[in-house]
Structures are given as structure tokens and as C-alpha cells.
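Number of protein chains: 2
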Amino acid sequence: MSDVLEARPRGRPTRFPERQYDVLRTAARIIGLRGFRQATLSDIAEALDMTRPALYHYAGSKDELFAQCAAIAAEQLESALDAAHREANGLAQLHSFFVRYAEITCDDFGRCFVLVDRSEMTPDQSVRSRDSQLRIGRAVADMARTGMHDGSMRNCDPVAVSRALFGIFNGMARWYQPKKGRSPSKIAVEFLSLFTDGLRPL
Amino acid sequence: MSDVLEARPRGRPTRFPERQYDVLRTAARIIGLRGFRQATLSDIAEALDMTRPALYHYAGSKDELFAQCAAIAAEQLESALDAAHREANGLAQLHSFFVRYAEITCDDFGRCFVLVDRSEMTPDQSVRSRDSQLRIGRAVADMARTGMHDGSMRNCDPVAVSRALFGIFNGMARWYQPKKGRSPSKIAVEFLSLFTDGLRPL
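Protein chains in written order, with our numbering: chain A, 1 to 202; chain U, 1 to 202.
By construction, these hints were calculated from the structure, which means they are not laboratory data. Since the model is a prediction, treat every value here as computed from it, not as a measurement. Take these hints with a grain of salt, some might be off.
For identical chains, the list gives no copy identity; a pair is met inside one copy or between any two copies.
Claimed, not checked - SDA-like mimics (lysine to any residue), calculated; alpha carbons at most 20 Å apart, straight line: (1) K186 with W175; (2) K186 with A160; (3) K180 with N170; (4) K62 with R37; (5) K180 with L33; (6) K186 with P158; (7) K186 with N155; (8) K179 with V159; (9) K186 with V159.
Only chain A is shown next, with the shape it has when bound in the complex (with noise of 0.2 Å):
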């Protein structure tokens, strides 16, 4: 799964026919944009110029759109945690991932991941979500104790930087206007290096 995904990253996984990726995609889009509240069905099937009922033979209801699309971002994320554990330190896992992250966050499906708060999704979808974030917290702090071992990193709190990576990645998501400036992963590689530096004069 992982090596379809990192061989095209922005691409369809093969097991979506591409009608249905379309669909996924825009609902993604739409949700990322608007919040998963304001985003209606409607709204959905008229950027894909398709009718109501003609959306529903791809997904019963919003939440299952959401749902769906969530497990896209979610198969994406593992597969930048799979590719950051190939990198030789623990520093350099960290920087993989979190260029990789950008790149997602900032595209339609990991955007709306990330966007819609938890308070509007079912409860099964909410706790799939919650897990799936802890799991990646959980990586990325892996990946920052790796390092204090492996003399790549300075001995600080794993927890405080997997947090404030976080942080920062996901306000991003909010901010990041694709047609201005940029590439998310041009800004995620400045903002590593900021955080890798630190502040201090040289």
C-alpha cells in the first residue's frame, strides 16, 4: 500500500476507480475549505457538475465522504512515517516526515484530516481518528528519542517536540493558501530549519 502511494504521492491509490477519487477528492476540497458544517451535499455534487442523487451512489451522507476521505490522509501519513524510517538518524526522520507531512496536510485530503475538529464527526469516526493521531504522535516522538540516542539531537523532551512540530505543521494546514508563494514543502524545510537552529545569535 505504502509503495503505491510514495511512487505517486499525489495520485489515486488503484484501488479508487477514478470517478470515485474525483468525487473523494472534491469533498475533500470542499470540506477543507468551507468546514465540514457550512459544506453541503449539494455543494459537493455541483463543483463535480453531477446531481444529488447521482452523489449518493458513491457515498450515503457527508460522514461517509468524510470517512472516506479520511482514510486516504490517514494511508498517506503512514506511508511518510514508512518513508521517514528509512532515514539514517533520528534529526533527518524527523525532517522527512514533516516535509512529507506539509505536502499532505496542505493538499485536499490530509487538509480536511486535519481541519475538521473531531466534535463534528460520528463517534466512530472520532475515536478512528484519534487513534490514528496518537499513533503518529507517538511515531514522531519515537523518532526524536531515536535521535538523543543516535547524538543526531541535543537531550530534550520527546513528547514537547513531537508536540510542537505539530503545532506548527497543523497551523499551517490552516494558513497555507495553495496559489500564493511557495511550495508546502520549500516552507516546511524553512520551518525546520528554524526549529533545528533554534533562535540564538551564531
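For chain A, the structure is supplied; the task is to place chain U on it using the hints.
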């Protein structure tokens, strides 16, 4: 205005009668906990042991309650900027501001100010909130510029510093749970030391 708030950072601005202030703090707490949409006037009245008609004496709608809560938070944040500007150099200004920012945004008014999405607000309130956030963001980028001029910070992009710090601390307003563990100011000091000193081995 700022002096009143600074002398009693968690206290009641003197222009609010005590009962009105209780009403607003409770509204802010419930909106912060449940989300703007999920929180109802009935929830707020119930938490105050008040009837809904009695609550209408203080505010005609949830939008009005939120506007008053947001105004108190904005005033606390302006006061935090004033206090920070009295520090000796740019880096100390950033530290002073963000310790106070963490205290404010982990308390009822600030939490509600940070967590309510602008798409949930009335158009007027959304503009006020955006203007206030832009002004504070610019003031923080200016502190970073000051730090580069006075030598307390290395050369880096002041807007990136501001965005990264707001990302970390707005994230904290989301995950912080008042009844667990350390105070917001202690956590803030740890984040600031992490971000200031960087991740590289000593």
C-alpha cells in the same frame, strides 16, 4: 485598560459587573469545550443555574455572548503585547509575550477566542477577529525583527518565527487540559527554550 488587566491578569475588568462577568466566563468556557455550534444558550444558562430568559438579560444571542468574550480576550492579548514591549531585547519580548499568550489561551476567554473558527462567526465579528489576529501577528514579527537588530537573535525570517510560534501555542490551546499536569506558563517556558535553543547536539 492594560494596567487594570495586568494587575489582575485573571481578574475581571472593572467595567463588568460581577454577574455579567460570570455569565461571559461561563459562556466562553462552554463554547471552548463544546465548540461554537454545539454549545447552546440552554447549556450556558444551565451551567449558570439560570433560566434562559434571565440569560437574555445579558446577551440576546450566542453571537453577542461570543463577541463580548472575544473582546475580553483581545484586550488581554493587547495587554500581553504592552508588557512584552517593556522587555530589554527582542528575544526577551518574544518569551514574555508567549508565556502570557499560553496563560491567556489556556484560560476561558482566550481559549474560546483561539478555537472558534472564523467561519462560525458573524461577518462583523469575523472581520474584528481577523484584524486583531493580524495586528498581534505583526507585533510578534516586529519583536523578532527587533531581536535581529539588537543581537539577541540570529538572522532568520521574522514572519516564519511568528507563524511557527503561533502554531505551537495555538496547538497547545487545543490539547491542554487544565486539570492535568503542569501550568500553561511552565509548558510555555519549555517550548520557548526548545525553540530558542534548537535541536542540534550541544
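We went through each hint and held it up to the structure:
1. K186 with W175: The answer is within: 15 Å in one copy meets 20 Å, while 28 Å across copies does not.
2. K186 with A160: Classified as between: cross-chain Cα gap 12 Å, same-chain 24 Å, threshold 20 Å.
3. K180 with N170: within (18 Å within a copy, 23 Å between copies)
4. K62 with R37: both (9 Å within a copy, 17 Å between copies)
5. K180 with L33: Within one copy only: 15 Å inside, 34 Å across.
6. K186 with P158: This pair counts as between: shortest inter-copy Cα distance 16 Å, intra-copy 25 Å.
7. K186 with N155: Answer is between; shortest inter-copy Cα gap is 18 Å, intra-copy 27 Å.
8. K179 with V159: between (34 Å within a copy, 19 Å between copies)
9. K186 with V159: between (25 Å within a copy, 15 Å between copies)
Consistency note: the structure conflicts with none of the earlier hints.
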